[in-house]
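A.B. asks: Sequence:
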Amino acid sequence: MTTSYLLFIVIISIAMLLVLVIRFKLNAFIALLLVSVFAGLGAGMDLQTLLKSIQNGMGGILGFVAIVVGLGSIFGEMLDYSGGAKALAIDLIRRFGYKRSSWAMSLTGFLVAIPVFFDVGFIILVPVIYSLSRETGKSLTYYAVPLLAGLAVTHAFIPPTPGPVAVAEILNADLGWVIGLGVIVGLPVTLLIGPLLGRIIGARVLVFPKKSDLVELGNKELPSFTSVFLIISLPIALIVLSSVVTLAIAHGSIGASAITNIIVFMGHPFVALMLVTLVSLYYLGAKRGASRDDLLRMSTKALGPAGIIILITGAGGVFKQVLVDSGIGNSLAEALSGTSLPVLLLAYVIAGVVRVTQGSATVAMITAAGLLSPMIAPMELTAPQTALVVLSIAAGATMLAHVNDSGFWMVGKYLGLTEKQTLQTWTTTSTAISVVGLVFILLVNLFI
Numbered sequence: 002m003t004t005s006y007l008l009f010i011v012i013i014s015i016a017m018l019l020v021l022v023i024r025f026k027l028n029a030f031i032a033l034l035l036v037s038v039f040a041g042l043g044a045g046m047d048l049q050t051l052l053k054s055i056q057n058g059m060g061g062i063l064g065f066v067a068i069v070v071g072l073g074s075i076f077g078e079m080l081d082y083s084g085g086a087k088a089l090a091i092d093l094i095r096r097f098g099y100k101r102s103s104w105a106m107s108l109t110g111f112l113v114a115i116p117v118f119f120d121v122g123f124i125i126l127v128p129v130i131y132s133l134s135r136e137t138g139k140s141l142t143y144y145a146v147p148l149l150a151g152l153a154v155t156h157a158f159i160p161p162t163p164g165p166v167a168v169a170e171i172l173n174a175d176l177g178w179v180i181g182l183g184v185i186v187g188l189p190v191t192l193l194i195g196p197l198l199g200r201i202i203g204a205r206v207l208v209f210p211k212k213s214d215l216v217e218l219g220n221k222e223l224p225s226f227t228s229v230f231l232i233i234s235l236p237i238a239l240i241v242l243s244s245v246v247t248l249a250i251a252h253g254s255i256g257a258s259a260i261t262n263i264i265v266f267m268g269h270p271f272v273a274l275m276l277v278t279l280v281s282l283y284y285l286g287a288k289r290g291a292s293r294d295d296l297l298r299m300s301t302k303a304l305g306p307a308g309i310i311i312l313i314t315g316a317g318g319v320f321k322q323v324l325v326d327s328g329i330g331n332s333l334a335e336a337l338s339g340t341s342l343p344v345l346l347l348a349y350v351i352a353g354v355v356r357v358t359q360g361s362a363t364v365a366m367i368t369a370a371g372l373l374s375p376m377i378a379p380m381e382l383t384a385p386q387t388a389l390v391v392l393s394i395a396a397g398a399t400m401l402a403h404v405n406d407s408g409f410w411m412v413g414k415y416l417g418l419t420e421k422q423t424l425q426t427w428t429t430t431s432t433a434i435s436v437v438g439l440v441f442i443l444l445v446n447l448f449i
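Here the numbering used here is used: the first residue of the sequence shown is 2, the next is one more, and so on.
Just so you know, the hints here were simulated from the structure itself, not pulled from any lab data. Don't be surprised by glycine CBs; every beta carbon is placed ideally from N, CA and C. Since no wrong hints were added, every one of them can be taken at face value.
Straight line, CA to CA, 27 angstroms or less: simulated DSSO-like cross-link-like pairs of lysine-lysine: (1) Lys139 to Lys100; (2) Lys414 to Lys139; (3) Lys26 to Lys302; (4) Lys302 to Lys288; (5) Lys139 to Lys211; (6) Lys211 to Lys100; (7) Lys421 to Lys139; (8) Lys302 to Lys414; (9) Lys211 to Lys421.
For each label pair, taking beta carbons as the anchor points, the in silico distance ranges come out as: (10) Met411 to Gly64: 28 to 36 angstroms; (11) Lys26 to Met411: 16 to 24 angstroms; (12) Gly417 to Arg101: 19 to 27 angstroms; (13) Asp47 to Leu304: 33 to 41 angstroms; (14) Asn57 to Gln425: 42 to 50 angstroms.
Given these sequences and hints, build the entire structure.
C.D. replies: This is the structure in structure tokens:
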């Protein structure tokens, strides 16, 4: 089969995915599986080989992602139960002062979204936004935009949130490098976009809490800022340290030993997240009055929303495996080698197109990763370069969130915005993050 024909199969497959999700409202998990079957048959795979690819693709990626997302979900639930997210926000506001509270909200969003899903983090911190608006007389959007920027950046760029974890696994990227470069790119994007857009949008989109909307933070005793910060930092520090040690061993800077083996083991995402989940169950749960039954109930509740993300991610792994086993990936890689479009821009564009047309950032990231995985395999990219491809996909999948994005309606509902105001607020913020994020990614790429 010619490369042109196989490229046509890929284009039709993506179009089919978008039609199934957008027009027919089919669940992305089912749609990805159907598209994978279509692509395999279109590429001439025999039925038994296709079934084996589906099984291998699903099993290969879920062996990693399911554990990471599951543990991360329980950790996030404990942070919610304990009031840890509010503790971060309140303490940062106290340290920064009301005049610089937009910076505090940006940092709060950046930290909270590490263990907590975007929508959960936003809902947890809505009372803080309302309280600040009431105290200062500024528009809700003045504080909401910085918070949204921090949440969105971390949710897209920094594991263990599901999107970058799934993409890193599909592309065989080192999570330590993804986390490290994600922080290097994401933190300045957050601090630049959040406060700046907060001032601009806050002065133009004027929305104030009504008396019936005023939400008190409550009198519940919150955990200390230091304890919450240290708990959140634990898995990140272990994973990054493991990657540094592994790199040092590979370059001959240090020798392998029992100590380095323990460090690498402790820094594996499974172990790091298992440790922080156990710590959170005790310090943020049991030590704060939660019974064993409460902990079991909260853990079970946390795994509910994680289930669909895990299944969609697995279906994305199926799509990737079919592209590899059918030979489509190799053909696309050969075609890509003759194009002048850099892989970082290609990753950004593919993810961006899927995101804008079907709305889900996670589906956009997984689809783009599945397409790029067989393409970049022959390029022999270094670990940092592969991590930047992950971040480029994340940046593209963040752009132009609009009415087909569930976050669009959630933000509008909780802030009392009209559709036009939500476009001015959330859509503008997500697009700014995407574009500025890409700029920082390209700058970092110059030095690695």
